[in-house]
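Enquirer: The primary structure of each chain is shown beneath.
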Amino acid sequence: MKIIRAATLLTLLLLVAAPPAGAQDAYPSRPIALVAPFPPGGVADLTARPVAAALEKVLKNPVGVVNKTGAAGAVGMQYVATSKPDGYTLLLALSSISIIPEADKLFGRQPAFTVDQFEPLALISADPTILVVPADKPWKTAKDFIEDARKRPGQISFSSSGVYGTLHMAMELLSHAAGIKLRHVPYAGAGPALTAILGGHVDALASGPAVVLPHIKSGKLRPLAGWGDTRVAALPDVPTFKELGYPDAEFYIWAGVFAPRGTPESALARLRGALREAVEDPAFKGAMDKLQTPIAFKQGAEFQRFFETDARRLAEGVRKVGKIEIKK
Amino acid sequence: MLTTDRAGGAALGVIGLVVLVESRKLPLGTLHNPGPAAMPVVLASLLLVCGVALVAAGGGAARLAAIGWPEWPHAVAIFAVCAFAALALERLGYRVTMSLALAFLLGVVERKSVAFTLVVALALALGTFFVFDTLLRVQLPRGPFGL
Amino acid sequence: MLETLSNLGLGFAVALSPAVLLYAFAGCVVGTLVGVLPGVGPLAGISLLLPATFGLDATRAIVMLAGIYYGAMYGGSTTSILMRIPGEAASVMTCIDGYAMARKGRAGAALAIAAVGSYVAGTVSIVALMFLAPPLAEFALRFGPPEYFALLLFGLLVLAYMSGGSMLKALAMAALGLLFGMIGIDQMSGYFRFAYGVVELGDGVGIVPVAVGLFGLAEILATAGQPTPPAVIKPRLRELLPSRREWRASAAPIGRGTVLGFLIGVIPGSAHIISSFVSYAVERRLSRRPEEFGKGAVAGVAGPESANNAATSGAFVPMLALGVPSGPIPAVMLAAMMVHGVSPGPLLIKQQPELFWGFIASMYVGNAVLLILNLPLVGLFVNLLRIPYPILYPAILVFCILGVYAVNGSVVDVWIMLLMGALGYVLRKLDFETAPIVLGVVLAPMIEMALRQSLAMSDGRYAIFATRPISATLLAVAAVLLLLSLKPLVTHTLDWRARLALAEKGEGHP
Chain A
0 MKIIRAATLL TLLLLVAAPP AGAQDAYPSR PIALVAPFPP GGVADLTARP VAAALEKVLK
60 NPVGVVNKTG AAGAVGMQYV ATSKPDGYTL LLALSSISII PEADKLFGRQ PAFTVDQFEP
120 LALISADPTI LVVPADKPWK TAKDFIEDAR KRPGQISFSS SGVYGTLHMA MELLSHAAGI
180 KLRHVPYAGA GPALTAILGG HVDALASGPA VVLPHIKSGK LRPLAGWGDT RVAALPDVPT
240 FKELGYPDAE FYIWAGVFAP RGTPESALAR LRGALREAVE DPAFKGAMDK LQTPIAFKQG
300 AEFQRFFETD ARRLAEGVRK VGKIEIKK
Chain B
0 MLTTDRAGGA ALGVIGLVVL VESRKLPLGT LHNPGPAAMP VVLASLLLVC GVALVAAGGG
60 AARLAAIGWP EWPHAVAIFA VCAFAALALE RLGYRVTMSL ALAFLLGVVE RKSVAFTLVV
120 ALALALGTFF VFDTLLRVQL PRGPFGL
Chain C
0 MLETLSNLGL GFAVALSPAV LLYAFAGCVV GTLVGVLPGV GPLAGISLLL PATFGLDATR
60 AIVMLAGIYY GAMYGGSTTS ILMRIPGEAA SVMTCIDGYA MARKGRAGAA LAIAAVGSYV
120 AGTVSIVALM FLAPPLAEFA LRFGPPEYFA LLLFGLLVLA YMSGGSMLKA LAMAALGLLF
180 GMIGIDQMSG YFRFAYGVVE LGDGVGIVPV AVGLFGLAEI LATAGQPTPP AVIKPRLREL
240 LPSRREWRAS AAPIGRGTVL GFLIGVIPGS AHIISSFVSY AVERRLSRRP EEFGKGAVAG
300 VAGPESANNA ATSGAFVPML ALGVPSGPIP AVMLAAMMVH GVSPGPLLIK QQPELFWGFI
360 ASMYVGNAVL LILNLPLVGL FVNLLRIPYP ILYPAILVFC ILGVYAVNGS VVDVWIMLLM
420 GALGYVLRKL DFETAPIVLG VVLAPMIEMA LRQSLAMSDG RYAIFATRPI SATLLAVAAV
480 LLLLSLKPLV THTLDWRARL ALAEKGEGHP
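So the sequence lines, in the order shown, correspond to chains A, B and C. Residue 230 in numbering that gives the first Met the number 0 sits at position 231 of the first sequence; the count goes up by one each step and never skips. Residue 2 in numbering that gives the first Met the number 0 sits at position 3 of the second sequence; the count goes up by one each step and never skips. Residue 160 in numbering that gives the first Met the number 0 sits at position 161 of the third sequence; the count goes up by one each step and never skips.
So here's chain A without its partners, still in its complex pose:
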């Protein structure tokens, strides 16, 4: 019995004892974790890996990608928000970072985290979504689509990556800007949402350009318009909703690097500089090119403004959608 008691005591002591603060050398002195809140193989993970590799080269210090997944990214984001702000835990977040706390608020839940808990470091990429419809549908232009939707409210259906997911929000922003009502069929992720429109089970989809480009080229899908500030480089003939007179329909799927708020300024400055160098790395550029994701690097005030505008737009979008109405 003595052994058991001794073992229990020892483990309790070990559990209680706080990890000792390491020697305060020049930052960075030990491996940095870049948390990707989505599973390997997804956009966040595939962006995080080249970023980590390029950072590692610049900082001459190991940078590892850690996948903390769950609850549509909320788990990983919460993990970083509450981790020690010492510059050794960073987050690679997607647009959903501004949606999740709003959706939590809507349902009267304690938010898992808030956007104020993060210090924006750099925007890595930003891709506007584009509206695609199956090629055998009658709509040739965005105007046709919107007019038809006005005539038949709630009859035209669209697939999305899930309720309050990025692809859902893009469509809702358009609906509000154009004053139309569409029928929402949520799917479990962007992949199934794409499969659904290819199978002809829904009439429309808002999607990042890279994944639908091959299907546009093969003639299965028709692009109608984009949500961007400017046209998508690969689709120069496709207008933006802004050009068509719907300036509120602006939406990007973006990826950025964040640190927990409270990270010492010295570490932040070092990281900002390193990220600036990292995006110039040819290996990084090559990797992003293969993913067909254009680099849209923004830092400091510029990123801050982008992030805040985007967060405000999305928060408003979530509030407009409101709780999905269901009879009690």
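Since the hints were derived computationally from the structure, they do not count as laboratory data. One thing to keep in mind: the hints can contain errors.
[Stated by the list, open to error] Computed cross-link-like contacts, PhoX-like style, restricted to lysine-lysine with a CA-CA straight-line distance of at most 20 Å: (1) A/K284 with A/K59; (2) A/K136 with A/K150; (3) A/K241 with A/K142; (4) A/K104 with B/K24; (5) A/K216 with C/K349; (6) A/K56 with A/K284; (7) A/K322 with B/K24; (8) A/K139 with A/K150; (9) A/K104 with A/K322.
With chain A fixed as given, assemble chains B and C onto it according to the hints.
Expert: Below, chains B and C alone, put in the same frame as chain A:
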């Protein structure tokens, strides 16, 4: 007579009831637009019916008292070690946690010799870490002192 | 046809060069190693090891990934057979009879049959993939939510009709599993269900911790403290390979499993998991000695293992032919290929035939390399059973915790595994089968989602299930099955289930 089927059925019925009560917090929706509570309510009712049926028809199964539980001290010890591992994994790191857990299981529960326990516990904990974390890059947690 | 063959020749010319073969080998070894971790199947295996291939050129990387894929797949059946730990949900059925065979000293035979079954299923599926991919893929895409719902309902009825044991208890366990599957964010409305503030439960209860807990951990809890520990098995060389009788008994199940698995696998989504369950049920129904199932029937290993392997290969059909990420594993493969600058789809076959056919050829090569690698390893693996149980089980525990943690980097998953282990232990003592729970956890979100998506598509009209030809056909067949299973109630004859129960009872008291 209390049989295994009856005991199991009763427990399942209770679970069904609890879920039914808990589902009241969620909107039920309509038949044409089922809400988040619809499926849980259907399933919990099914579970409740199964539970009641098991209690009613389960008289012929083995008697609950007839089951031996000779392995319970071991089961509890193993369960406790796993619980410790879950608590400690991200605080002490993989290597320390697993060494302690293995040492306890081998040395205290299975009463192997001290030398054998230490060698096997350390070799397994460090070996698996090396193979999976270092070589294969499966991320495992590190504790204080980078262990 | 001729063109296909010459293209394939081109692919093999690439895939069989010594350097590329080396990568195939390395991939298989690494995949098997990682796949041995419970919970780390082909999906997690490819995801975890994808970064390791970043430095390679496209062909080598894809060959290596194919190796990892097959290796991880096979690594899972190894642990299922030797330790009763399912590597993933689909291996649950392998656990039952595979482990029973191992305890009877036939571990070598079970492993060899699993390896050969997987090889045959893999190879046949690739051939089917080559020749049937474009038309099959078009057909597969017609499976929308209503068809999916009908398919899952049909699958459930097949299982209910063909499973043995007490129908009532199996139903109760399935309902319990389906309820576990309800935990998490409701995908249709955004409500958090039964999560009680645990953010990690948002995506629901993972299949891996449930399966590893209910099977692996529960087995340890129930066995470790037995007054007489399980006997140490000392395999002899000539017992390593399956006997002629065992080969004969597994040939037909491998064939049926392959066809069944491939057809289910082609359909987009995660339905491929049910293929091994359905295959097991079919084999038991067709077997002349159904009472052997659960006690080490060879067909119970051969069928599900082949079905599982064929299903995941089938899932590549829509991905390769249309570039659609039609399920979790193809989605990761698709991402992996994109990282290496290859985007599958109709254009790939036309524009970069050497890459497409190289991929097909590397799948052949990966599959063959795995068989060559693993048959000799069977001898090695089986020797693990020489380790006395009091030393073996702590090691198994370490692997369970490591594997379950590694999949999501989540301690909550470890806790779920623990609770499921305790539940599985108690249910075992009370003589309840736990496999239906796993099936329930897997199916619950899919069935619910498909039903509610269908209703969202049709604006709440149930007619959508009857007006679409595929779903109407499936539902009609399901209705016939339901009537068939009710027949004995009306005609008062013993159906096969009752006869099976009698046979099982008779075995106890000869």
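Enquirer: The structure should be examined with respect to each hint, and the outcome stated for every one.
Expert: These are the hints, each one checked on the structure:
1. A/K284 with A/K59: With Cα atoms ~19 Å apart, A/K284 and A/K59 stay inside 20 Å; holds.
2. A/K136 with A/K150: holds (16 Å)
3. A/K241 with A/K142: Cα-Cα ~13 Å, so holds.
4. A/K104 with B/K24: The hint holds at about 17 Å.
5. A/K216 with C/K349: The given pair, whose Cα atoms are some 13 Å apart, holds under the 20 Å limit.
6. A/K56 with A/K284: Holds: A/K56 and A/K284 sit about 14 Å apart, inside 20 Å.
7. A/K322 with B/K24: Given pair A/K322, B/K24 holds - Cα atoms ~15 Å apart, limit 20 Å.
8. A/K139 with A/K150: Distance ~16 Å between A/K139 and A/K150 Cα, so the pair holds.
9. A/K104 with A/K322: Distance ~10 Å between A/K104 and A/K322 Cα, so the pair holds.
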